[in-house]
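*Asks:* If you want the building blocks of each chain, they are given just below.
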Amino acid sequence: MKRDRYLEQWAAWLPAALAWLDQEPPNYRESEGTIPTPQRPALGIQRVNGPLRVALLSSSAAYDTATQAPYNESCVIGDSSWRVFPYDLPDDRIDFAHEHFNRDPARQDHELVLPRRALRATGVETTAHAISWSGYTMDWPGLLHQTIPQMVAQVKADGANAALLVPV
Amino acid sequence: MTASLVVDALETAGIPTVVVGNQRVPLQGLPRVVLTRYERGKNFGEAGDVAEHQRIATVAVDLLRNATAPALVDLGAVTQSR
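Residue numbers (this note's numbering), protein chains in the order written: chain A, 2 to 169; chain B, 1296 to 1377.
Just so you know, the hints here were simulated from the structure itself, not pulled from any lab data.
Any given hint could turn out to be false.
Calculated pairs, SDA-like style, for lysine to any residue (alpha carbon to alpha carbon, straight line, at most 20 Å) [said to hold, decoys possible]:
hint : chain 1 : residue 1 : chain 2 : residue 2
1    : A       : K157      : B       : R1350
2    : A       : K157      : A       : I78
3    : A       : K157      : B       : A1308
4    : A       : K157      : B       : G1309
5    : A       : K3        : A       : Q40
6    : A       : K157      : A       : R108
7    : A       : K3        : A       : P106
8    : A       : K157      : A       : K3
9    : A       : K157      : A       : Q40
10   : A       : K157      : A       : V125
11   : A       : K3        : A       : P16
12   : A       : K157      : A       : L44
13   : A       : K157      : A       : R121
14   : A       : K157      : A       : N103
15   : A       : K157      : B       : G1371
16   : A       : K157      : B       : Q1349
17   : A       : K3        : A       : Q147
18   : A       : K157      : B       : T1363
19   : A       : K157      : A       : D110
20   : A       : K157      : A       : D96
21   : A       : K157      : A       : M2
22   : A       : K157      : B       : V1354
23   : A       : K3        : A       : L19
24   : A       : K157      : A       : A13
25   : A       : K3        : A       : Y88
26   : A       : K157      : B       : L1370
27   : A       : K157      : B       : E1306
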């Protein structure tokens, strides 16, 4: 079995993080500020040849209220799951399950964190789906090993050659 | 913080990215960033301000089309309506 060094680092960090999060109010500064970070790749600039076909991804924890479960807002370490729904899903089918930002403005105008119309108005082609995850999660192993690979696979399956991300 | 992990994975998979955010520190070092100065949860401006939403989206798409080096465009100086 190949050892997962990052998972081991994260597991060693978790008890202290849970103690910080158990404080009233939860000490997010200490817990988020100390989470082990995986080694990052060296990223250059990749150019897109030809017309843009752009995927839209938002960490606003958006979900389809008619067909999908909301994210788990009551879990102290957040929710590392993700959702995909039709790009043109009506606004009244979308809500945001993320307690760490004031959702009232976004509920009034989804474009603030899920700019579907604004992106399309630039003239680019957009993919058939929008993708969302919850920006508040400390389950980074789950995010790294499951959620992100699935989101990337969805972006590729949708034929995107570029992506716009909106972190909340 | 999690957005940078998603960017890393997308870029590694050959998908160029642009991020529209409002916190500088967690976005530093990413290939293309548009920084707006609206408060958290209002990345594209105020509700109903369609022109501002489209202006920000246009800056982001322009970065995707034209950036030849890592770039962070700070729109704070001209985003005064909040």
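*Asks:* Each hint needs a verdict: does it hold in this structure or not?
*Replies:* Verification of the hints:
Taken as a hint, the A/K157 and B/R1350 pair is broken in the structure, with Cα atoms around 27 Å apart against an allowance of 20 Å. The suggested pairing of A/K157 with A/I78 is violated, with an alpha-carbon distance near 29 Å, which exceeds 20 Å. Restraint check: the Cα-Cα separation between A/K157 and B/A1308 comes to about 9 Å, which is no more than 20 Å; the hinted pair holds. Between A/K157 and B/G1309 the alpha-carbon distance is near 9 Å, which keeps this suggested pair within the 20 Å criterion.
For the given pair, A/K3 sits about 17 Å from A/Q40 by alpha-carbon distance, which is consistent with the 20 Å threshold. A hinted pair counts as satisfied when its Cα atoms are at most 20 Å apart, and A/K157 with A/R108 does not qualify at roughly 29 Å. At most 20 Å may separate the alpha-carbon atoms for a hinted pair to count; A/K3 and A/P106 exceed this at roughly 46 Å. A hinted pair counts as satisfied when its Cα atoms are at most 20 Å apart, and A/K157 with A/K3 does not qualify at roughly 28 Å.
Between A/K157 and A/Q40 the alpha-carbon distance is near 24 Å, which puts this suggested pair outside the 20 Å criterion. Among the hinted pairs, A/K157 with A/V125 is consistent with the structure: their alpha-carbon atoms are about 17 Å apart, no more than 20 Å. With a CA separation close to 24 Å, the supplied pair A/K3 and A/P16 exceeds the 20 Å bound. At roughly 19 Å between alpha-carbon atoms, A/K157 and A/L44 fall within 20 Å of each other, so this suggested pair holds.
In summary, the hint linking A/K157 to A/R121 is supported, as the alpha carbons are separated by about 19 Å, within the 20 Å threshold. Proposed proximity of A/K157 and A/N103 is contradicted: the alpha carbons are some 32 Å apart, above 20 Å. Between the alpha carbons of A/K157 and B/G1371 the distance comes to roughly 33 Å, so the proposed pair goes past 20 Å and is violated. Only pairs whose Cα atoms come within 20 Å are accepted, and A/K157 paired with B/Q1349 is rejected, the gap being roughly 25 Å.
Restraint check for A/K3 and A/Q147: the C-alpha separation of about 17 Å stays at or below 20 Å, so the hint holds. Between A/K157 and B/T1363, the direct Cα distance comes to roughly 23 Å. Violation of the 20 Å bound is thereby established for this hinted pair. Annotation: proposed proximity of A/K157 to A/D110 is violated, straight-line Cα distance about 28 Å (limit 20 Å). For the given pair, A/K157 sits about 25 Å from A/D96 by alpha-carbon distance, which is inconsistent with the 20 Å threshold.
Distance check on the hinted pair: A/K157 and A/M2 sit about 30 Å apart at the alpha-carbon level, beyond 20 Å; violated. Distance check on the hinted pair: A/K157 and B/V1354 sit about 24 Å apart at the alpha-carbon level, beyond 20 Å; violated. Using a Cα cut-off of 20 Å, the hinted pair A/K3 and A/L19 is violated, with the two alpha carbons roughly 27 Å apart. At roughly 34 Å between alpha-carbon atoms, A/K157 and A/A13 are farther apart than 20 Å, so this suggested pair is violated.
A hinted pair counts as satisfied when its Cα atoms are at most 20 Å apart, and A/K3 with A/Y88 does not qualify at roughly 39 Å. Restraint check for A/K157 and B/L1370: not satisfied, since their Cα atoms lie roughly 30 Å apart, outside the 20 Å limit. A C-alpha spacing of about 12 Å is found between A/K157 and B/E1306, which places the hinted pair at or below 20 Å, so the restraint holds.
Hints 1, 2, 6, 7, 8, 9, 11, 14, 15, 16, 18, 19, 20, 21, 22, 23, 24, 25, 26, counting from the list given before, are not met by this structure.
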